[in-house]
Each structure stands twice: as C-alpha cells, then as structure tokens.
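Participant: So the chains spell out like this:
There are 4 protein chains.
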Amino acid sequence: MSSDDRLNELRGQVDVINMQLLDLLNQRARVVSEIGKIQAATGGGFYDPAREAQMLQALEMANNGPFSNDAIKSIYKEIFRASMALEENQAKAKLKVQRRSEVERTVITMPDGVTTLGSGDFKIIAGPCAIESFEQMDETAAALAQRGVKFLRGMAYKPRTSPYEFQGLGEEGLKIARNVADKYGQFIVSEIMDKSQLQMMYDYVDVFWVGARNMQNAYLLKALGQQNKPVILKHSFGATMEEFLYAAEYIVASGNPNVMLIERGIRTFEKWTRASLDIGAVAALKLETHLPIIIDISHSAGRRDIAIPMAKAAKAVGVEGMMVEVHPNPPVAMSDSKQQLYIDQFHALMDALGQ
Amino acid sequence: MSSDDRLNELRGQVDVINMQLLDLLNQRARVVSEIGKIQAATGGGFYDPAREAQMLQALEMANNGPFSNDAIKSIYKEIFRASMALEENQAKAKLKVQRRSEVERTVITMPDGVTTLGSGDFKIIAGPCAIESFEQMDETAAALAQRGVKFLRGMAYKPRTSPYEFQGLGEEGLKIARNVADKYGQFIVSEIMDKSQLQMMYDYVDVFWVGARNMQNAYLLKALGQQNKPVILKHSFGATMEEFLYAAEYIVASGNPNVMLIERGIRTFEKWTRASLDIGAVAALKLETHLPIIIDISHSAGRRDIAIPMAKAAKAVGVEGMMVEVHPNPPVAMSDSKQQLYIDQFHALMDALGQ
Amino acid sequence: MSSDDRLNELRGQVDVINMQLLDLLNQRARVVSEIGKIQAATGGGFYDPAREAQMLQALEMANNGPFSNDAIKSIYKEIFRASMALEENQAKAKLKVQRRSEVERTVITMPDGVTTLGSGDFKIIAGPCAIESFEQMDETAAALAQRGVKFLRGMAYKPRTSPYEFQGLGEEGLKIARNVADKYGQFIVSEIMDKSQLQMMYDYVDVFWVGARNMQNAYLLKALGQQNKPVILKHSFGATMEEFLYAAEYIVASGNPNVMLIERGIRTFEKWTRASLDIGAVAALKLETHLPIIIDISHSAGRRDIAIPMAKAAKAVGVEGMMVEVHPNPPVAMSDSKQQLYIDQFHALMDALGQ
Amino acid sequence: MSSDDRLNELRGQVDVINMQLLDLLNQRARVVSEIGKIQAATGGGFYDPAREAQMLQALEMANNGPFSNDAIKSIYKEIFRASMALEENQAKAKLKVQRRSEVERTVITMPDGVTTLGSGDFKIIAGPCAIESFEQMDETAAALAQRGVKFLRGMAYKPRTSPYEFQGLGEEGLKIARNVADKYGQFIVSEIMDKSQLQMMYDYVDVFWVGARNMQNAYLLKALGQQNKPVILKHSFGATMEEFLYAAEYIVASGNPNVMLIERGIRTFEKWTRASLDIGAVAALKLETHLPIIIDISHSAGRRDIAIPMAKAAKAVGVEGMMVEVHPNPPVAMSDSKQQLYIDQFHALMDALGQ
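Chains as they are written, first to last, in the working numbering: chain F, 1349 to 1703; chain P, 1349 to 1703; chain E, 1349 to 1703; chain Y, 1349 to 1703.
Worth flagging that the hints you see were computed from the coordinates, not collected in a lab. Some hints could be false.
Identical copies carry no separate label here, and so any pair may be met within one copy or between two of them.
Distance condition first, Cα-Cα at most 35 Å in a straight line; then the derived DSBU-like pairs of lysine-lysine [said to hold, decoys possible]:
1) 1577 - 1421
2) 1543 - 1444
3) 1570 - 1663
4) 1531 - 1421
5) 1663 - 1686
6) 1663 - 1619
7) 1663 - 1523
8) 1531 - 1619
9) 1531 - 1425
10) 1385 - 1663
11) 1577 - 1543
12) 1421 - 1686
13) 1444 - 1686
14) 1619 - 1421
15) 1531 - 1577
16) 1543 - 1421
17) 1425 - 1543
18) 1577 - 1686
19) 1425 - 1577
20) 1385 - 1619
21) 1425 - 1686
22) 1425 - 1570
23) 1619 - 1523
24) 1531 - 1385
Please take these sequences and the hints and turn them into a complete structure.
Facilitator: This is how it looks when you write it as structure tokens:
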C-alpha cells in the first residue's frame, strides 16, 4: 500500500474515533448535568476540586499512554471547564453582566424619568476633577448646561497617591455640588471611597462613582449593590477587562442592575499618554456585556491636546458615552491640571462631536 | 581669533553665568525657605498652585527668548520641585517611610517580646492560602513549627476576582487559625478587606495583612494606622514602587510605624510567571525605605517548581524575609492550588535555604 | 509686621529673583547658541557630556546650599536639555519626521501618479497575511478591486516566532503577488526582513514593509532610506511611540521621505486583544509627525469579531488609513487565522465604513 | 432513592465514561502517531490546519449537545495540541534548546581550551558599554584581569534609538578591543547588528553578541547559526521568555550549539528600574533550557547603585554568569552613563560576590 493510501486509511480511523469521542463526551455532559441539577437543588456549589483531583488520579493510574499523564490532564481540564460552564449556564446563564443577545442593553433612567444612559445616544459626563469652590462648580455647570450635559462630575473625596496631597473638600464639597446641580437640573456623579460613607453621601449624589483604586474593593461593591442609585465602576489601571466585568458582577449580583463601566486605560510602558486606552479591548468589552460603557478621555490621555480625536474615536467605537474633565482654570486646579479642558476647549469639543 | 579660541572664550562666559545662576538659585531657595517656615507656622501647606501659575505667567510675559516659554517653564518646574523638596525636608524630612541613613531600619517586635521582623535575620511567613479546616491548619502549622517558623498565614477573607468563588470561612476561620497558632506558639497573619472588620479581627490576628487589591484603599490604610498591631502591606500588581511607598506612608503617617512591605511583582506580558517580580526594583526599594521588606515567592511565581531558586534570590538580595504558601494537599486547595507547596517541598525549601 | 505682610514681602523678593534668573538663563542661552553655531560650522556634535560633567562638578564644588547638589544638578539637567533643544532646533529644526506646523503632511504618490496616501482621504491596505497561492491572492484581490482598494498586502517572507513555522513562499510568492496586482491595477505591499533582500524584492514590490520585529534594525532602515520606493514602518510591540518616530527618522534621514507609520499596538497584560492599541497615543503621534499613519486593525485585535468598531474608531481618530487582513478561507490560513476576515466580512466592513 | 444515592450512582457513571474516554483518546493518539511517522518519512510537517478545520467541521455537524460546538472545539483543540506534542516529541524531542533532563547543560569552551561558560561556576562578562578609546579599554581590561575576568565586552557598533546619537567606532573600535584583549589574554564579546558584518567582525571578536533590538532578526540569527563562534543572545525587552527560547532555536537549529542567553528584563510601567528583571521567569527559563543563562545587571537596572544586591540575587538564582558594565569614568561615557560602574565599584562588587 502506498504511503498516501495508508495515510488515508489512518485518517479514516481518526474520523471514526472522533465521532465516538464526541458521543462519549456528550454522554458525560448529560450525566454531569444531572449531577448539577441535584447539587443546585440541595444548595451545593458546582465546583468540587476534591472530586476532580480524585478523577484525575484514577485516570493517571489507568493511563498507559501514548498520551502522557500531563496530556490527559490538560484534555480533562478542558472537559471539566466545559462541564462547569454547562452547569453554570443552566443555573444562571453565565454572569449577570454578560450579554445574552446582540441587542440586549441595560438602560439606566435617572430620577427625572427622562434622562437615560445606555439607550443609544452618546452621553457626556463632565466637570472638574475635584470640587474646589462654588464658583468653580457653578461656572463649569453653566457651560455644561449650555450644551445640554446632564451629568456633572466632581469629587469631594479624592483618592490620592500621597497622604499629603489634597484629599477633597468632603461633605462641604458635596453640598456645593448638590446646590449647583439643582440650579442647572443636573445629576451629581461623585466618588465614594469606603462603604462607611454610603449613608451620608446618599443624600447628595445621584450616581456613585467607584474609582480605579477601589475597583476590586469587594465590600464597597457589595454595599453599592444593596442600594438603588446607579453606580459607575472605573476600570483599575492594573486589571484586565475580564476582572473589570467580574467586579461589576459583584454589584449586580448584590441586587443593583444599574451599573455603568468607565474605561480609562491600563498601565503600560508608553509615556505619551497617562494610560493606554486599548480601543480594541473596549470593542471586545461591548460584545461581552450589556452594561453601558463610558470612555474617560481625560484620565486615559492625561493631557488635553488630544481630547477631540479621542472623543471622536470613543463615539465611533460605539460606546454609550464619554467622560471629560472641564475646569474654569486648569493650571490652578488642585489635581490633574494637565488634562482638564478649559471651558472654551469644552465647547470646541462639543462642536467637533456635533453634540 | 580662531574658532577654538572663540569657543574657549564663550565657554568661559558660560562658566561665569553658571556661578551667577547658582548664586541666584540659592538666594531664591533661602527666601522660599523662609516663606515655608511662615506657612508651616500658620498651618498652611507648601503647595500653592495658584501662586506657581501666577509666577509662570509673569515669566512668560517677560520672556524675550532665545529660550522658548516652554523651556523656561520646564526649568522653573524643576526649580519649584527643588524648592518644594527643600521645604518638605525641613518640615518633616521627606516621607516617614523613607530612609534617612544607610543603617536605619524598622524592627518589629511581636507580643512575645522575642520574635522580631526586620532585625537582620531572614524570616519566613508561611501557611496555606486560605484557612479551610482545623486539620489543614494544624498539619501545616506543625510542619512550620518543626522549622521554627513563627508567622502562620491563613486567610479567612479572600478577595476573589469572581463573586462566585470561595470567599473564605470568615470568623469561623479566624477561630481555627487562632487555636492552631496558640497551640504552636505562632503568630497569625491574616487579611483584612474593609475597615469595618477591624474590631472583630483584632481579637484573632497578630498581624493585619492588606491585600494587593486594597493597597490604595485609603480608608483601610488610615484605620490600620490608628491601631497598634503590625501591618503587612502588599504591593498591588498595578502599582509602581513609588506608589507602594506612598501607600505605606498612609499607615505610618496615621500613627502606626510597624509596617512591613510585601513584594509580589507586577503585571506584565510575560506568561511563565503569574507576576513579574522585578528584583532590581526590590533592591531599589530597600535603598529607599527603612521598613522591612518581604518577598512573596508564591503569588509572584504562581507555580511551585521554582520556589527554591526564587527563595535563594530573595535571601541574597538582602530583604528581611519571604512569604511562601504551604498546604497539606495543594491540588484540592480552594484557591491558588498551583503555587502552594506540599509539606515535603516546604522542608526541602528550608533545607535549601539553610534555615 | 504681620506674617501676611512678611509673606508678601518675601514673595516680592522671589518675583525679583525670578526676573533676574530669567535674564541670566536667556543670557546663557545666547552664549550657548553661539557655541552651537561654531560647532556646527566645524562639524562637531552638540552633545558634549564631558563638558557637562565638568560644569556640574564646578557647580557642586561652589554650592553652599540651601539647595542640595542633587537639586542643583536636576535644575541644570533641565537647563542643559533646554539648551540642547535650542541648538538642535537651530541646526535642523528637530527631527525630520516631526511636524513643524499643524497643516504639514507627507503625501505619498504611487507610480500611477494618481493613487496617494496621506492626502486626506482614508485609505485601505488589505489582503491575506501571507501569500499562499495564486488562487488565494486572486480571489482576495478581486474582492478588494470591487471596493476600489489599491494596496494589496501579502507577505512572501514571514518573520515567525518559531523556526519550524511556515516562513513564506519567498520569491515564488512575490511573483504571484506581482501578477495578481498587475491584473487588478493594485500596488504590492510586502515585508522585507533583511537588507540583503532589497535588490531582488525591488522588482516585485511597490511598497516595502518593515515588520514589528525589525523596527529597530538600523541597517535595514538605512538601506530603505537609500532607495526610492515608499516604506511602511510597523510599530514594534515593545517600543514606545517616541522610539517609533526615531526609527522612522533613520529612514528619512537616510534620504527617503516616503515613510508611513503603521500602528499595531503594544504588549500589555490585557488578554482580550493580541496587542493594546492605545488610541490616545495614536492621536498624540498624529500631533507629533507629518508622516501618514495607518492603523492595523488585524494584528492589534488578533480577532476578527471587533473589526467594524475598530475600523470606525481608526477612521474617527483622524489617521490616513487602515490595514486589514482578508483571506478567502481564514480557518486554513497558514498564519494568523483568527484575525483574518472572510471576504464577505470585508465587504460588510467597507459598507460599515461607507468606503 | 435519596439524592445522595443518586449522586453516587451518577458519579459512578461518570467514572465509567472517563475510562472509556481515556481508552479512546489513547487509541486516537496511536493512530495519529502512526500518521506522524509517515509524514516525517515523506518530509511533511505535522501541522495541518486544513485537516484540523475539516475535522472540526465534521464534529460540529454531528454534535447534538448538550455540549455546545464551542465546548467541543475547545476540548478538541486540547486533543490536537496533545497530539501535536506527541508527534513532535517523537520526531525531534521538542526544541533543541530545551532541556531533556535535569542535569543536561551546554558547556561552551573558548579557544584557549580552558575557559568555559556553563560548566557550573559563575562567570563575569564585563567592560564598558561602548569602545571609546584604547586608554579606556586598557584601563578597564587591566582591572578585569586583576579579578580573573576573561570576557571583555565592548561595542564597536551601537544600536541607538536616534540616528543622531553616537553609533560606535566601528572596525577601528574592534581593532582596539582585539589589541587590548590580546594584551590581557581575554576574549572579546561584541555586538553584531547585521549579517553583512559577519565576515569582517569574525577576525576580531571571540563571541558574537545579538542585541535586544535584533533578538528576532531571523536572517542574522541564521547567519550566526552557520558559523562556529559562540553567540550571546539578548532578551528583547518586548518579548516573552518563550519567544526568547524560540529565537535561540533559530541559531541552534542552523547548526551552532554554542548559544548563551542574556537576560536583561522587560518593559513595564515601573520606573525605578530601566527594565523589570523578572527573577521568577529567569528561574523558569533555567528549568526549560540547557543553554547557559547570564543576567545583565546593568541594562536591567539602568543605575549603578543596586549592582551589588542584583549581582547577589543573580548568583543565588543559579544562572551561569552575569554581565556588568564597567568604565573608567562613567559620567563622560558616550552611552548608558548612569549604569556603568566605576572601577573601584567593580572591585567592591567582586569582593561582595566573593569572586
């Protein structure tokens, strides 16, 4: 027999084995699925590492090759993973924050019953980095109101690298922000740093903001999941997109579906921007989740001279909105002075976006 | 005149101007220093961005070149920075966590009055990732006791990426850990995730551990600075060494000098390790701070097969100790199963280190 | 005198010193500038580290504080930097690849005298990763021709991680590409890996492509600078934007102004994309250089399901074009099978872009 | 039947299926292995993506769940990978650069028949960054000779970021280096940047050095694989350890087994070091390859004040040697002035290492 004929014969054998394997794999899946149902009914979790370890040990002992024990374990790890996924799917269809269809979307409606986020148009969240004075907030909010911007940002509590840097005006700042927002019919978006602040802040803010440094603060996330105001969760500069989604799941799984994701890039060796905003990863995040996504063009860039092209790219990539820092006098701002836009630059930005 | 002669003449002029500049710079430093003293006396901060902006504006208006306004601003930024450093030095001699001399070191003494950390010998912190049962803790602690290890780690609260993963046994776990530690005369090192846990945990643990995800949780850091038990602060995988030091400063500035730094590497594109432990940056950290530094060979590697060479490198680079995960049966561990050492591997590691 | 009065008096003194410093700095700049002219005339370089070291030493010896020697050195480093910038500006006005005005742009005109790149419209470079057969190239090129795409990519030499992977068809592949391109009136864009290939490839390709792994291969860059066909320079995934520009400068400084920059992202810890395409850094690059910039949506993403949003963002950010991989049958492609678009996906992409 | 009984019954069924799967998997492995032998005999490669695509398609069509097609594909991908590994193992036992046993090591013997690298003791490669003058090389080499260092580094061709920076003395520099090395009985280690330099450089250097920017320059690697002098391959700061090994494989597979790997860290966001030297990844590399590994403590650190602890860590982690830059007068060095050691610092380093 020629080597070509022999090859074809052997390939035919592989094809047969493939179908037998497929059959067995699905047979296994059915049994495991039944196990999962019983476990769910009796309140058990799906993941049973001791049982997995025992199955692997039995397989290793029975294995005579040619596959090595390692190869068998790798294949079985995939089988375990697929089985687990199957069970989790049945029980709760993946994570709550994950998309189940192309059109699924979370729409967040604000207390006025009219303003929404996530309903298809491109929304702007703007304002200074930190609340510094009534005048500063008022001047900024007036400019935003001129362009129909409803979400006013302003931090009263600033997580800072150094304990000796300006840490925010605290409750005094929140009062200023509330007054200004009420004057212009805007919603206050402000950062919460610890769950102990929740009760006090609840009276002042409309949207709670979780900063990058707190993205994986599970206690804070759970507390925000147990109240009913919308939450903006910021991507930690040291976390993957997958971890970002899991962090959002902490909030949603605790009961609050009104979560927005704010992307601000990750840390890399590039120095021309403050953080690298991976535009492809944003597109991938959008495929994965139904939550509204907002691109922060200020903290990612760390500079104001590229605000317009970044904003255009943010709008084009299909996210639900963008966050931009605006300050009446950036050079004297108490933080992030290089990236905050002057008010006339903010107007130019809105013009460029056709907003 | 030859061009060489002309060059020499011009260089002579530069030399003269250099000395005039030096003189003026120091004259300016003296005045600024006096300003600083007045501000310190009246409770003001040193950093006055509005004043800086005003000075820059005056300089720009007066500048006729050939230096561009940008060049002048860059030079002045350095002058501001140097002046600020001068004022901060005088007031509090840099950060509290920074070294003032080559021999300065923080020595942490445990409640037994004998066990120390930071006094020159290489200390081991070991134990399982999470507390799972009395048997697991007991078997591990017994092995540690055999090698004279006094610091027993074990988490009762586990920050996890997913809300659906094992989150720790909670207070039940702490009770187990306390019992086991008391049995073997060991100290319990366990993670605190939120400042609301402080009071309850205070009765069980000897050393509070702040995890990587909470490295910049200012509220937690300050709360730990206001109690008297030692704190281990873990390097966030997304933070620079400078930020790591500033985070420690939050604790020390709040009143607690007994802080240890635990290095576990940062996130990079390398896949053979879970995190990249930059050994040069550890050496640089040691130059910078008097706090004890501990290298975590388990979370950085994410695998147990390189424990011995990593431990040897950790000891050689001159830090005060190392953290290693040990578990009676790693494959069934509820977290981090790939990196925990079997007990016999732990003994081999101690042998290799001559501990 | 009240402390406020004293503060004001001291601040006045600082203001006076500021003006004296400004005057001296510009006086110094004028002398240094004259030195620079003499050096330029006698063919010397501007950077003279020995002279700098000697000046610093003299300053250190003369310094009596309160500024520390380190502070003086930091300030002087800025003065040196500014002086150097001044001299370089005068001699050659920064790098050749840097923009001297907002409207400056390099327009590359192809041999047909009609097709341009960099003249304002958004151009597409498309084709398979590697040239595999005449049929594959022909089917792809026909689809491109339908949409008016004039730049056909196809590699005959593939830099691969492993020496055992498919390395390209070599000259045979170039012949196929040339035939196909001629059939459809397209231009061939193909990778050159070593300067020894230049003469042979010159007859086949219209645009030389320098891959990411060769971005800093100075010999190759210089050789491409000494011939007259356009060059596409790809951003190395391990290089900063600044280094990317310097690499382009090697080509332009060697005599060839027709260089395009292709951005494909950098390596980070994010796993949902193959590389992180920092959209802000692209915007910053555009501010910095007059060379056409092309965004590679295939190698950055490493997946085809986000091609449309990425392409929209690329167009919106204001670059001159985009590169996308298209293959008649991606799953059997000899490389990069996950990221190449099916032909119908390519048409959908063009529709989505309105191209 | 109680749910516990039912669970046990179902688990028994899973155990049976596991064994049937194991049996089928190994049966498949045997057939595939026979296919591999025929392909190897007829010169074919193992990787046949078209065949894989066809098998997956058949499986997808036959699949009726409950496993999704994606789950089946993931499992099959593992089976393909394991099968491929099996075939590659049989044919060539993995990469040539990979270790086949714990004790395997490549020992490189220099022309004097006595000096070796990789034979167990810790070797030093030292010298200035670039060759600048006879005096500079002579003074350095004399100091090295005092400590028995046999490998003298010195670059005559310097890959630089900017085309306007010092590019090395060229052949003139090589002549200087050769004279100095001969005077002290040392071996010259010098960088080659392009394969066109090979013939000329061959007469001057003892060890060819491939710089980080050329780590994946396949033409250069192959050319160095076809000559008989040892090669030092430097880790690109943008490449993973796996890619580093594959690059070495290019040289070894081309015929030259005398390759050393020099580790100098990768690019990260950390700023206290020039590159992050992941000490765990070095330990992992050592497990993986039998080639000698050298740690470059100068380029990784980018500063000279941590040379001693880094050198101690390098020695402790178990690699074969270290590279350190030494210069008679670092502040006036034409490149890398911050990281080169003064000669007395070099002696202190040797003392600290006990070399």
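Participant: Against each hint, give a clear statement of whether it holds in the structure.
Facilitator: Structure-based check of all given hints:
1. 1577 - 1421: neither (46 Å within a copy, 42 Å between copies)
2. 1543 - 1444: Cα proximity of residue 1543 and residue 1444: in one copy and across copies (23 Å, 28 Å).
3. 1570 - 1663: within (31 Å within a copy, 40 Å between copies)
4. 1531 - 1421: Neither way: residue 1531 and residue 1421 sit 64 Å apart in one copy and 39 Å across, limit 35 Å.
5. 1663 - 1686: Classified as both: same-chain Cα gap 23 Å, cross-chain 27 Å, threshold 35 Å.
6. 1663 - 1619: Both. Shortest intra-copy (24 Å) and inter-copy (24 Å) distances satisfy the 35 Å Cα cut-off.
7. 1663 - 1523: So residue 1663 and residue 1523 pass the 35 Å test inside one copy only (33 Å; across, 43 Å).
8. 1531 - 1619: Close neither inside one copy (40 Å) nor across copies (45 Å); limit 35 Å.
9. 1531 - 1425: neither (59 Å within a copy, 39 Å between copies)
10. 1385 - 1663: neither (44 Å within a copy, 49 Å between copies)
11. 1577 - 1543: Intra 14 Å, inter 23 Å, cutoff 35 Å: intra and inter.
12. 1421 - 1686: Classified as between; 14 Å across copies, 53 Å inside a copy.
13. 1444 - 1686: between (38 Å within a copy, 28 Å between copies)
14. 1619 - 1421: between (42 Å within a copy, 20 Å between copies)
15. 1531 - 1577: For residue 1531 and residue 1577, the Cα distance is within 35 Å only inside one copy (21 Å; across copies 48 Å).
16. 1543 - 1421: Intra 43 Å, inter 42 Å, cutoff 35 Å: neither.
17. 1425 - 1543: Neither: 39 Å inside a chain and 38 Å across chains, both beyond 35 Å.
18. 1577 - 1686: For residue 1577 and residue 1686, only the intra-copy Cα distance (31 Å) is at most 35 Å; the inter-copy one is 40 Å.
19. 1425 - 1577: Neither, since 41 Å and 43 Å both go past 35 Å.
20. 1385 - 1619: Close across copies (32 Å), not inside one copy (52 Å); limit 35 Å.
21. 1425 - 1686: between (49 Å within a copy, 13 Å between copies)
22. 1425 - 1570: This pair counts as within: shortest intra-copy Cα distance 31 Å, inter-copy 38 Å.
23. 1619 - 1523: Intra 37 Å, inter 39 Å, cutoff 35 Å: neither.
24. 1531 - 1385: neither (55 Å within a copy, 42 Å between copies)
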